[in-house]
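Top line first, the protein sequences correspond to chains A and B.
Quick note: the first sequence uses this note's numbering, first residue 144, plus one each step.
Quick note: the second sequence uses this note's numbering, first residue 1217, plus one each step.
Simulated from the structure, these hints should not be mistaken for laboratory data.
There could be a bad hint or two in this list.
Unchecked claim - 20 Å max Cα-Cα, derived DMTMM-like pairs, lysine to aspartate or glutamate:
| no. | chain 1 | residue 1 | chain 2 | residue 2 |
| --- | --- | --- | --- | --- |
| 1 | B | K1391 | A | E315 |
| 2 | B | K1370 | B | E1341 |
| 3 | B | K1393 | A | E315 |
| 4 | A | K303 | B | D1497 |
| 5 | A | K303 | B | E1513 |
| 6 | B | K1455 | A | E315 |
| 7 | B | K1389 | A | E197 |
| 8 | B | K1389 | A | E189 |
| 9 | B | K1681 | A | E189 |
| 10 | B | K1654 | A | E189 |
| 11 | A | K303 | B | D1739 |
| 12 | B | K1450 | B | D1467 |
| 13 | A | K303 | B | D1516 |
Spelled out, the chains give:
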Amino acid sequence: MGSMIARRIAIGLLTLWVVSVVVFIGTEILPGDVAQIILGQSATPENLAALRAELRLDEPAFVRYFDWLGGMLVGDLGVSKAGGATIASLIQNRLSNTLMMAGIVTLISVPLSVLIGLLAAMHPGTRLDRIVSFGTLSVISVPEFFVATFLVLILAVQLKWLPSIAYLSGTENAWDLIRALALPVFTLAIVISGQMIRMTRASLLNVLATPYIEMAILKGVPRKRIVLRHALRNAIGPIINVIVLNLAYLVSGVVIVETIFAYPGLAKLMIDGVQTRDLALVQACAMIFCTTYVALILLADIAALLFNPRLRHPS
Amino acid sequence: MKSKLQWVSSGGLDRSETGYNGLSASERSRLKNAICRGVTRREAMSMLAAAGLSLASAGSIFTTATRALAATPRKGGRIKCAMSAHSPGDTLDPQLFTSSIDFTRGRAHYNSLIRLDDALRPHPELAASFSANTNATEWTFKIRKGVRFHDGSKLTVDDVLWSLNRHIGPNSKSKVKSLLSMVKEWKKVDPATIKAVLDSPNSDLPVLLGTHHFKILKAGTDNFQNPVGTGPFKLNEFKPGIRSVHVRNDDYWCDGPYVDALELFAITESTARVNALLTGDVHLISNLDPKAIKLVESTDGVGVWSVPSGSYPAIVCMTDAYPGENPDFVLAMKYLQRRERILKSVLKGHGAIGNDQPINAAYADHCASLSQRPYDPDRAKFHLKKSGVTSAEIQVAEISNGITDTVLILQRECAKIGFDLQIKRVPNDGYWGAVWMKTPMHVSDWNMRPTANIMLSIAFGPEAKWNDSHWRNDRMGTLLKAAWAETDAARKKELHCEMQTLVSNESGMIIPVHKSSVDGISDRVNGMTRSPLGTLGGSEWPEFVWLTS
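Work out the full structure: start from the sequences and follow the hints.
Following this line, the structure appears as structure tokens:
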């Protein structure tokens, strides 16, 4: 098993390197002259030339690439074009915000989703199961900004129970913090639960239809023991994959929720960086997102290996 | 109560534009100050009647003055203001200020030599008095005594000179270097007086010095994370791109500010910003989405703060390319503008009709005698036939709220007289580099400048880099040069009338309307300013606002 994990880590690192090349090329081929776009309406030939020199746009691409790669490996992510702050300091604050939000949402929605999926799978065809199916399908079909806006309209504007933006001034006590984060957490939890519940349910039902489960039922094993001790371990593969993909989404893809709630997270930072053509920032954010994905998928693979001994010995 | 789901305004606001807004900015300012000082309704009405207003439209002035009529200023409270944009590039270095959030922070933290009132006239701030020589090539400023920085040190003439010298010279990184390009040097006359020596005349120098970038810092400041200023608020916290907190300076040299603290941040998403105002989470928001105006007006506890301004969206016909090079074509397009309709449906009444030249009533040098070009499709048809142009293409990006709708209205008017105007939608991203001033017909958007001289010089002068339509007119160049040097008010007015007429009739710019600055403000906020130079009363409010409990 050790060698399998080592191989997976090596592939992960290779993926990261390929991604770094793609990210670099991607930001190079963005249309429009970088300096021109940064300066916008106030561009004049003199300050264009000055900015181009500052951005070192006259050096060949692969020199800049290796410079950047080298810097990234030692933690020097470069300097932001807007205002000269270091990228690392910009990202640090936003990354911790994003991770906090992702962590809270995960803690709430993952156990809840697996539980609901389990219950639905254990009682297929009943009213509970049908309600769960219908509910999750509706939630998946509806875009997240709709869910967010709807919740804001009801809970913040009409009922005034919660604030409409997740504004953190750093001086709140625990109760204010909960109030401020409640709506975005609620929105994200709803959005990602739908997929996880459906996958749990589907995967479990799939396993519950196998002959050995039928044997266990005929042997008189109690239902709860069948599901928890036998079926779940075999069904866990797809479930973990869906959970991991949703976790990665929580780090890199929640730009819409961050915008609606004015939450200072990493996804919004990257979008802002694209608009201001802050290439160093975009590259750094892209690398962070890719690292997150690769790491989480690696974890999913390892978890699958742990749960399912058959995978450890490919025949 | 109106349904809160009615986001889209249907029909627009009913507002008489020939009334209160027909007065010039200075008359309006004077009138409003009179009301704030407590003239009776009857006296105010007679003032307005003397200015030629009907009684019906005169009533609207009282709604705008209501806030100031409230109780005397009360100390205390913490104001939260959500602007529409911020970035990690936000700075406290005045020479690098770019956005409204920078200007607001600057206004809270620093002072300038000059303070501009709502009519953009200069008044003493750190300069206790100022005067010029006869041909406006030398300006003398006496510096106020007894002013201290936030760290207790005295403000000296050397600090003033150091701050102002940052904007001139070849190594200057100042964003407004060009505004002071005529200043040869700043001289120290004595420990309380400085002199600006110009190499070409500038009769508007004090007005320039009252704009956002010319703040006075302590000599030698190089750390702009925590600089010292002389302003009404001290800096408590500053995280660029996140927020800043300012607390009252109790040793302020002027009548101190009223609120205890300010919290400034930005909510970039328009809907989220409006929500924050509606739920009471913030007291002020900038750049209110026109679609949300009706919602804010119908909600208790909040209101709309609309200030007429000189900012304008424009349709550009480049005069050195086909078809803009044909003056009949441009005139036809000008006569096809449905200015009142654009004002009513696109701007929802928050603005003023334009006359194809940038100097409207918000400017001190507005020429009131220039006749307004009407909507005249027959004349347009005549000019179009004379020009021989049968179709044209215009490139449009939504660089300003509602500009696409404005062009759509023009397209429909063209179709009515049988002219095919094709619209090519282009993305906002990269518009200013790839499309602006590079395609024969496109759109543009300009913010108001502090003086007419500046506005005309940078956008309509024959050598101006940002002359949208490449309109090179030598008479305009001569008039501009004379206007910069002219200190006599009457003669200046004559020059400006001729320039504005020239621009309106001959340039390739079609300016159908001027936009007002429209912001959202809680009813608890009083003392809001009305400077037309930018959002939220030109960012002048920190020193003047107070909160009712």
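Each hint tested on the structure:
1. B:K1391 - A:E315: violated, 38 Å
2. B:K1370 - B:E1341: holds, 16 Å
3. B:K1393 - A:E315: violated, 43 Å
4. A:K303 - B:D1497: holds, 10 Å
5. A:K303 - B:E1513: Roughly 19 Å between the alpha carbons, so the hint for K303 (chain A) and E1513 (chain B) holds.
6. B:K1455 - A:E315: Status holds; Cα separation ~17 Å.
7. B:K1389 - A:E197: holds, 14 Å
8. B:K1389 - A:E189: holds, 12 Å
9. B:K1681 - A:E189: It holds: about 12 Å lies between the C-alpha atoms, which stays within 20 Å.
10. B:K1654 - A:E189: holds, 19 Å
11. A:K303 - B:D1739: Holds - the C-alpha atoms of D1739 (chain B) and K303 (chain A) are around 18 Å apart, at most 20 Å.
12. B:K1450 - B:D1467: It holds: about 10 Å lies between the C-alpha atoms, which stays within 20 Å.
13. A:K303 - B:D1516: holds, 14 Å
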